[in-house]
Amino acid sequence: MSLELRGITKTFGSFTANDSIDLKVETGQIHAILGENGAGKSTLMNIVYGLLKADSGEILIDGKVVDISNPSDALNVGIGMVHQHFMLIPVFTVAENIMLGHEKSSKLRVLDLDQARAAIRAISEDFGLQVDPDAIVETLPVGIQQKVEIIKALIYEAKVLILDEPTAVLTPQETDELLNTMRDLKNKGTSIIFITHKLREVRAVADQITIIRRGKVVAAVSPETSEGELASMMVGRAVDLSPEKYQHEMGGAILEVKNLTVRDALGAAIVKGVNFHVNAGEVLAVAGVQGNGQSELARALINLEDHIEGSILLDGEEIRGASIKDSLHAGIAFIPESRELDGVIGSFSIAENLILDLHELSPYSKGINLSAKVMQSEAEKRVAEFDIRTQSILDAVSTLSGGNKQKVVIARELSRPIKVLVASQPTRGLDVGSIEFVHERILAERDAGRGVILFSTELDEVIALADRIAVMYRGEILGIVDSKVTREELGLLMAGVTSAKVGAE
Amino acid sequence: MRKIRSNVEKRRLQGVVIISTLASLSFLYFGILKPGKEATTFGFVLNNEWVIIKEWVISSQTGARIFSIISLLASAIAIAALKKGRSISVPVAVASFGILMSFLTWIASGKFIPFTGLLQGGLLLSIPLIFGAMSGLVCERSGVINIAIEGQLLASAFVSAVVASLTGLSWWGLLAAPFAGAAISFLLATFAIKFSVDQVILGFVINVLVIGLTDFLYKKLLIPFQNTWNSPPTFEVIPIPILSKIPVVGPILFTHTIVVYLMFVIVSGVTFTLYKTKWGLRTRAVGEHPTAADTVGIDVNKLRFRNVMIAGFIAGVGGAFYTVGSVGAFGKEMTAGAGFIALAALIFGKWSPIGALFAALLFGFATNLQSTLSIIGVAIPSEFMLMVPYIATIIAVTGLVGRVRAPAADGIPYRRGGAH
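Those protein sequences? They're chains E and A, same order as listed.
Each residue of the first sequence is one higher than the one before, counting from 1 in the numbering used here.
Each residue of the second sequence is one higher than the one before, counting from 1 in the numbering used here.
Take every hint as true, because none was put in to throw you off.
Keeping only pairs whose Cα atoms sit at most 25 angstroms apart, straight-line, the calculated DMTMM-like set for lysine to aspartate or glutamate is:
hint : chain 1 : residue 1 : chain 2 : residue 2
1    : A       : K278      : E       : D132
2    : A       : K10       : E       : E296
3    : E       : K381      : E       : E436
4    : A       : K302      : E       : E103
5    : E       : K198      : E       : D19
6    : A       : K276      : E       : D112
7    : A       : K350      : A       : D198
Below, a sample of chain E positions facing chain A; criterion: calculated Cβ distance under 8 angstroms:
hint : residue
8    : L88
9    : G101
10   : R109
Sample of chain A residues facing chain E (criterion: CB under 10 angstroms; computed from the structure):
hint : residue
11   : K10
12   : F272
13   : T273
14   : Y275
15   : W279
16   : G280
17   : L281
18   : R282
19   : H289
20   : D294
21   : G297
22   : I298
23   : D299
Because the hints were derived from the structure by calculation, they are not lab data.
Just so it is clear, CB atoms sit at the ideal spot from N, CA and C, and this is done for glycine as well.
Given the sequences, and given the hints that come with them, work out the whole structure.
Printed below as a string of structure tokens:
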């Protein structure tokens, strides 16, 4: 089944999310739609799926115009969608989730769960997607939940499957598995629309690539196009995929961590007596698979954890046990892992978010009053300096894209006098342009002689930015290695294998 | 995950510790330190059961000891069950019952406790609570908070009294009441779903509106023209053949008016449909994750609207119980906060029909216990007795029922593309 879009336009107020987009997905092809966050990919797909109504334009299935005004219409013409945020009910079983919306009932109007289980098993076998129909969805790993979503679409006999940023939440192995599933589906005749901003994946599976920038189709290219070209078309200018790192003189240790242990509420050690130091003018990356204590270690460095033992010396002074405010003012900048939860207050304005840390100090406050004028002039300055894209500094931060939210966090944290920057997963979920910006900023701090601790699960990022790399495994630092280490060696360390070659510091 | 599980375990352990402590205290205090001097009499007869168990006389001290020991044994079983990771609800329930009985035999030393009457009265007091809780359940499982239960009960109590008075038939009162409840629901549904008004505030405002309206009409119509407007006939008690003759159980469960039997029908109906039918699956889906329901073609707001209306009908029957189902005449603000207790029962019962049923029964029983004790004249001020069910709720919610989780989308209006 082929799907064609002609002149799809959608505006929200004065903002044009989709500007007369034309697109054709051929039968049995994987068609990638590539674009930065906020380029209008999700809006376009929500229109195809009937969740949003286009202002103008038409949708054609096999050459015939169809009217899709709600998800039922989309399902009826054979369009299925796997949403970026899963559309699964966490407390339901797999079978309940899959039967929802087209339930079959047996006698006495009782739900026929057996029929649903059988249908799931049939699809599981056909497409090699193994799931237990009676498992509760919230207990399943993300990768399996995604399979449930795919089965859900297939059970409606979807001939065109939309996958909206499907790899954003997956581990590398799960991603590979998904890419294989996509190839299988394609071979069985399903057309796939693959929405993403990850270049490597696009080149691996796509048959055709359409690039969208600021709501417009800017190019339709083949997967042979190089990553650099794809990135620059996506962002609209030349993009530096691996940032330039200059050699320079390092200072002495600016942050020393000795025997640091972090415990959870029940007393179990999450971080187990780690030792390391960061020099002034150095990026120390802490790598590791998600969930090995990195988050807790990062939070402990500004005393954001409740049970911390050991010693944290900032420029020779003990800061462990200090209040968070004192830790910040002692010279630590902190970019938290979840900017939505911990980085910004969504309903506050950009200007307010920019001075959250300093609001009680002069010149932002006089007595019990906040000075709106100083706040705003300062905010204007920061917005310009950090290139935060917004219509007004008085807009709520929640209206910004992920990249711009992160810029607000960075602008706030780097505008105090600081000695050390602690950045926890600073590029997670960001688009190429924003990642580039964050990387530049991190290196700029390093070059200005500050110590940087970068917590990241992205190997490429770690290798590109770090001067030294510490690998965490089960709460311990297994080794601190030079940045010239190979990916294989790092991978082994991350899996908990210590070889003779890499010595602990 | 590990953290959550062990927190639940910790809470269960706390619950069991509290129960065993209470059991030991009741043994010590009621059985040894301050024993009742005289015998306690429990009465069991209400009417024409087959076997007449007239009354049961027991020494207050011995009785208190026996029940405390039962309670202690049950606590021990609960601890064993906890260690093996099995369900502790049955032994905990037995232990609580033992403590309660121990207390009763102690406090009524030298007095007469109408045991069957205590339970039957408790059931009757909980009838409107149960209807109210079912109304709240049907709303909240689909994601609309229903604070307006009080208003639904009061409006339907009023309407059923008036209609039954005017027609002279209690049946007309019972038939009209659900429509009064539904009218209140219509207000709630329209503003909450169509106009996304804050549901808690909306519910309160509706309650105040209904109280004001019924007060006004009561003063201007029902008092001056009591004979035509406020003298409704009530339903006869219909004993169920055979079942009503079972000793103790018969009078408690099977000797009632039609409204009480309707309660049994509605609770089983809601339980069955919520978990076994298409409507139930969709209702729960819409209450948990409306966007997910929308993406598979379910009209979220239509379903919610319909559920709120159904809830109004259910609460309406409960309202009719106040007038044609029991006392007859309508009285000013006669529901007296029952709608809020019903809401508490819903939460205590973890948003499940059976849980809410038992919670409501507990509240009804405690209220009746309080009035029974003040009638037989015990030393404890009745206000303290009134607090007991709520203290029990707090202990139970923190310790025994485990994690209480409201439907995830409860109270959040659904707008397409609005929820990310």
